[in-house]
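Trainee: Residue-level listing of the chains:
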Amino acid sequence: NSSILIPSPPLSSISNTITHKQTPKMPFKRYVEIGRVALVNYGKDYGKLVVIVDVVDQNRALVDAPDMVRGQMNFKRLTLTDITIDIPRVPKKKTLIEAMEKADVKNKWESSSWGRKLIVQKRRASLNDFDRFKLMLAKIKRSGVIKQELAKLKKENAS
Amino acid sequence: MAAKRKTPVKTRNPDLIRGVGKYSRSKMYHKRGLWAIKAKHGGVFPRHDPKPKAPVAPEKAPKFYPAEDVKKPLLNKRKPKPTKLRASITPGTVLILLAGRFMGKRVVFLKQLTSGLLLVTGPFKINGVPLRRLNQSYVIATSTKVDISGVNVEKFDDKYFAKEVEKKKKGEGEFFEAEKEDKKTLPDEKKEDQKAVDASLIKSIEGVVNLKAYLAARFSLKSGMKPHELVF
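Protein sequences, first through last, are from chains S and B.
Under UniProt numbering, the first sequence has 134 at position 134, and the numbering climbs by one with no breaks.
Under UniProt numbering, the second sequence has 85 at position 85, and the numbering climbs by one with no breaks.
Hints in this document: simulated from the structure, not taken from any laboratory.
It is possible that part of the hints are untrue.
Stated by the list, open to error - Only pairs whose alpha carbons sit at most 20 Å apart, straight line, appear in this in silico EDC-like list of lysine to aspartate or glutamate:
#1 K226/B / D131/S
#2 K212/B / D129/S
#3 K108/S / D86/S
#4 K44/S / D157/B
#5 K195/B / D157/B
#6 K145/B / E206/B
#7 K222/B / D131/S
#8 K122/S / E229/B
#9 K222/B / E33/S
#10 K145/B / D129/S
#11 K145/B / D131/S
#12 K76/S / D57/S
#13 K48/S / D129/S
#14 K84/B / E206/B
#15 K226/B / E101/S
#16 K53/B / E68/B
#17 K134/S / D158/B
#18 K191/B / E229/B
#19 K134/S / E164/B
#20 K212/B / D86/S
#21 K117/S / E229/B
#22 K108/S / E33/S
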């Protein structure tokens, strides 16, 4: 239960939740803490949002999500997000799900710019050949409208 | 041999496990009704004398024996199986041709012929591809489907597409004369067939927005497109 804050080297940003609010200005904004929502960036669960429910050691965290079995993951496989939820250490699945609902993780994620980007990427990757054709036509149409407006403005400016 | 039954007899002795029947020999004797057959023929099982065989002509010794023993080739009973059609190709699927004169064209699949080749049409008015046969190895199947219910493809088979045999006259003059053959024009019957098939197809194509333009355009790989990551 030590509240000693070690000015951390660039790698790990582990800190005790009680003290981090009292620290002087730190270059880090997202900390590994119990309740931190993270995105898995490598491995079988690639692309999933998981919650850090405990820290195993310097390199690993115990990680849980509503649709997966709770297990350990190296921090290197996780990218921290801005979202945190309020949970006790290693909560039961039911408590975890309730806490995620309460904090509205899904909606916060999908409305964040990072979350929206991922959704667009997924949609683009799943496009059919016909869809890509329709997309091309739509892009041409849109640029046509833009060019018309631009031409109008140019004309007004020139005169 | 006794006359063969038209349908093989279903065995009256079910297997308990392989090699062991449910009924014993005496039970089976009773089940088969052999006692009834015997009773009908006065206690004796009916016996048919073998039919008199037709007299076989005595085999003559061959006139000629080869000096070395001639080997007989091994018997080959292999029957080639019909080509398996990819699950993604169903009647009405839009296919992308990968090779040949119409490389890159998007085309509508009609049916698989008995030879295994795919029967396909442009439709001709939309992209210039006529009724044609293709090998499914040279084709990408997209997941876009066209409604093909109004099309009758019964009359098309491999014989329809066979090349017409030209009769050659043997003559020396042929080699010296510059033979001017008439350009082979399509018989009107085939043109009519094409129109008939395409008529209902074009109607269902025009029902979907942009589908006509899609079929008229050719497919090509652009910069940044990774074929192994593309969803067709």
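Trainee: Now tell me if each hint is right for this structure.
Mentor: Consistency of the hints with the structure:
{"no.": "1", "hint": "K226/B / D131/S", "in the structure": "holds (16 Å)"}
{"no.": "2", "hint": "K212/B / D129/S", "in the structure": "holds (14 Å)"}
{"no.": "3", "hint": "K108/S / D86/S", "in the structure": "holds (15 Å)"}
{"no.": "4", "hint": "K44/S / D157/B", "in the structure": "violated (49 Å)"}
{"no.": "5", "hint": "K195/B / D157/B", "in the structure": "holds (17 Å)"}
{"no.": "6", "hint": "K145/B / E206/B", "in the structure": "holds (13 Å)"}
{"no.": "7", "hint": "K222/B / D131/S", "in the structure": "holds (15 Å)"}
{"no.": "8", "hint": "K122/S / E229/B", "in the structure": "holds (12 Å)"}
{"no.": "9", "hint": "K222/B / E33/S", "in the structure": "violated (45 Å)"}
{"no.": "10", "hint": "K145/B / D129/S", "in the structure": "holds (12 Å)"}
{"no.": "11", "hint": "K145/B / D131/S", "in the structure": "holds (13 Å)"}
{"no.": "12", "hint": "K76/S / D57/S", "in the structure": "holds (13 Å)"}
{"no.": "13", "hint": "K48/S / D129/S", "in the structure": "violated (27 Å)"}
{"no.": "14", "hint": "K84/B / E206/B", "in the structure": "violated (32 Å)"}
{"no.": "15", "hint": "K226/B / E101/S", "in the structure": "violated (39 Å)"}
{"no.": "16", "hint": "K53/B / E68/B", "in the structure": "violated (36 Å)"}
{"no.": "17", "hint": "K134/S / D158/B", "in the structure": "violated (36 Å)"}
{"no.": "18", "hint": "K191/B / E229/B", "in the structure": "violated (40 Å)"}
{"no.": "19", "hint": "K134/S / E164/B", "in the structure": "violated (42 Å)"}
{"no.": "20", "hint": "K212/B / D86/S", "in the structure": "violated (55 Å)"}
{"no.": "21", "hint": "K117/S / E229/B", "in the structure": "holds (19 Å)"}
{"no.": "22", "hint": "K108/S / E33/S", "in the structure": "holds (19 Å)"}
In summary, the numbered hints that this structure violates are 4, 9, 13, 14, 15, 16, 17, 18, 19, 20.
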